[in-house]
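Visitor: Protein sequence lines correspond, in order, to chains Y and C.
Mapping of the first sequence onto my numbering: position 66 corresponds to residue 68, and the numbering continues sequentially without gaps.
Mapping of the second sequence onto my numbering: position 247 corresponds to residue 249, and the numbering continues sequentially without gaps.
Derived from the structure by calculation, the hints contain no laboratory data.
Some hints could be false.
Listed next, the in silico BS3-like pairs over lysine-lysine satisfying Cα-Cα at most 27 Å (straight line) [claimed, not checked]:
#  : chain 1 : residue 1 : chain 2 : residue 2
1  : Y       : 177       : C       : 60
2  : C       : 177       : Y       : 237
3  : C       : 255       : Y       : 177
4  : C       : 177       : Y       : 255
5  : Y       : 75        : C       : 262
6  : Y       : 200       : C       : 22
7  : C       : 200       : Y       : 262
8  : Y       : 262       : C       : 60
9  : C       : 60        : Y       : 255
10 : Y       : 237       : C       : 60
11 : Y       : 177       : C       : 262
12 : C       : 75        : Y       : 262
13 : Y       : 200       : C       : 109
14 : Y       : 200       : C       : 56
15 : C       : 200       : C       : 147
16 : Y       : 200       : C       : 277
Protein chains: 2
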Amino acid sequence: MKVFVIGLGLIGGSMALDLKEQYNDIEIYGIDANENHLEEALQLGLIDEKSSMKELSKADVVIVSIPVNAMLKAIPEILDLVHDDAVVFDVGSTKSQICEVVANHPKRRNFLAAHPISGTEFSGPSAAIHGLYQGKTNIICEVEKTAFKLQERALKMFTDIGMRIRYMDPHSHDKHIAYVSHLSHISSFMLGKTVIDKERNERDIFDMAGSGFASTVRLAKSSPAMWAPIFEQNKDNVLETLSEYINNLQEFKTLIEENKFDEVYNTMENTNRIKEILNGIIVKTT
Amino acid sequence: MKVFVIGLGLIGGSMALDLKEQYNDIEIYGIDANENHLEEALQLGLIDEKSSMKELSKADVVIVSIPVNAMLKAIPEILDLVHDDAVVFDVGSTKSQICEVVANHPKRRNFLAAHPISGTEFSGPSAAIHGLYQGKTNIICEVEKTAFKLQERALKMFTDIGMRIRYMDPHSHDKHIAYVSHLSHISSFMLGKTVIDKERNERDIFDMAGSGFASTVRLAKSSPAMWAPIFEQNKDNVLETLSEYINNLQEFKTLIEENKFDEVYNTMENTNRIKEILNGIIVKTT
Chain Y
3 MKVFVIGLGL IGGSMALDLK EQYNDIEIYG IDANENHLEE ALQLGLIDEK
53 SSMKELSKAD VVIVSIPVNA MLKAIPEILD LVHDDAVVFD VGSTKSQICE
103 VVANHPKRRN FLAAHPISGT EFSGPSAAIH GLYQGKTNII CEVEKTAFKL
153 QERALKMFTD IGMRIRYMDP HSHDKHIAYV SHLSHISSFM LGKTVIDKER
203 NERDIFDMAG SGFASTVRLA KSSPAMWAPI FEQNKDNVLE TLSEYINNLQ
253 EFKTLIEENK FDEVYNTMEN TNRIKEILNG IIVKTT
Chain C
3 MKVFVIGLGL IGGSMALDLK EQYNDIEIYG IDANENHLEE ALQLGLIDEK
53 SSMKELSKAD VVIVSIPVNA MLKAIPEILD LVHDDAVVFD VGSTKSQICE
103 VVANHPKRRN FLAAHPISGT EFSGPSAAIH GLYQGKTNII CEVEKTAFKL
153 QERALKMFTD IGMRIRYMDP HSHDKHIAYV SHLSHISSFM LGKTVIDKER
203 NERDIFDMAG SGFASTVRLA KSSPAMWAPI FEQNKDNVLE TLSEYINNLQ
253 EFKTLIEENK FDEVYNTMEN TNRIKEILNG IIVKTT
């Protein structure tokens, strides 16, 4: 099986690692706009060979793991180049625009829209790790638009590397993921910004910050090149979550201002049931 | 050495565990307003004996680990009861009001104001763990107001259980800690609230939320009984940090609304340097 990974960062690189471990009959070809990343991926053993778009006609599987804005241009081009029995899937954190851009492509049935909910705050080939996908959820959109045999090939790969599959329409995906992922990133980035802006003397932060701060601000280490396009593509949903978040903060601030500490208490207590929700999430902090 | 722990939750209980491990000649007496917690602490081996305020005259060391509002009343009473050679220290997350309330106490020199920067999102005696304080920072305020011999006794205990000591005035402590701890808790609680309010069907959250969300919302599991009084006592500083945080979120939202994604990118990139700051923090996620 010839697998092409386009974009050798955390997501594509980790998938390459796990697939190589699972399958004996696999050759992994790497494509990356950044020649240094490509070389690094080869040195790290993420890929077997450096390759290019010209060679895509050889592919049985193409993994598109590049920022979501670049995907809109790249995926139709990739579909143009692959043979009729190849499956191309993306791993983007937005799904509506990606599904739209391929909707009328003659090779639509060669494409599978996927979002593996797995990542860390790190990026680039060196961030790739074994076992990243173990126990994680992969959300598949518009599965019925992919050729059955090709669905089957891709889904087997996902389950072989430990993922569980959930199906969802692209619109619902983008709406829900704004709440449970995109908003977290903004809240974390802005927390980091607020503290950095205020605390010029970083030594003070370093000394006084505990694990709680580290945990809350962890996502502020994430790659802007990955996240700015996500916020752009999911603009409407992101703005909605952000408005609600700001309103909640404003209301909480008003309660404090007005010395309504019983209500401050109640608001927090009602939110404590996040415990039960979180118990279901496999937490992998690195 | 007779050590009294008043309030047998995560902080007091974990300190009792570590002190028992460090010293052979130690007896730990527990006091708690909640009889169930006291019994649980005895069963878990956090304390050697249940005790009461009447017995405080026997104490060499008193650890006050109760919510910060209760401390304002309790600490002066405790000081009234201890003998002249006892050291009483608190572990509260605010310092100004606590230092104020003892400022003119005849036994001021028996008191040491401390804030061990260490905790998890869990609470109660069962949350107590070994080694919680290893490598953590303990911030001491107004050290010069504590009798030298008593400072020495308390500080030795802190360093014996692995803490490093930093000195700070109570006003600066409360200002900085609002940024690196109190604000994180509010951002996390409000993130949890925003998602819970929106996502009635918790199964959807469970399936789509990844480790990023779990990490960002972790502090929303924290105890309201501990945190509401902290926000009350540090009201002015908390409101200031919260205003700045809301402003930053609002500005980021405006950039997205106005499609200024280059600036969205730059804002995130400038915040990425939180990486270097965080590298210094010992992260203990549980």
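Visitor: If a hint holds in the structure, say so; if it does not, say that too.
Guide: Here is how each hint holds up against the structure:
no.	hint	verdict
1	177/Y / 60/C	61 Å, violated
2	177/C / 237/Y	35 Å, violated
3	255/C / 177/Y	17 Å, holds
4	177/C / 255/Y	17 Å, holds
5	75/Y / 262/C	21 Å, holds
6	200/Y / 22/C	40 Å, violated
7	200/C / 262/Y	24 Å, holds
8	262/Y / 60/C	40 Å, violated
9	60/C / 255/Y	44 Å, violated
10	237/Y / 60/C	64 Å, violated
11	177/Y / 262/C	22 Å, holds
12	75/C / 262/Y	21 Å, holds
13	200/Y / 109/C	37 Å, violated
14	200/Y / 56/C	46 Å, violated
15	200/C / 147/C	51 Å, violated
16	200/Y / 277/C	17 Å, holds
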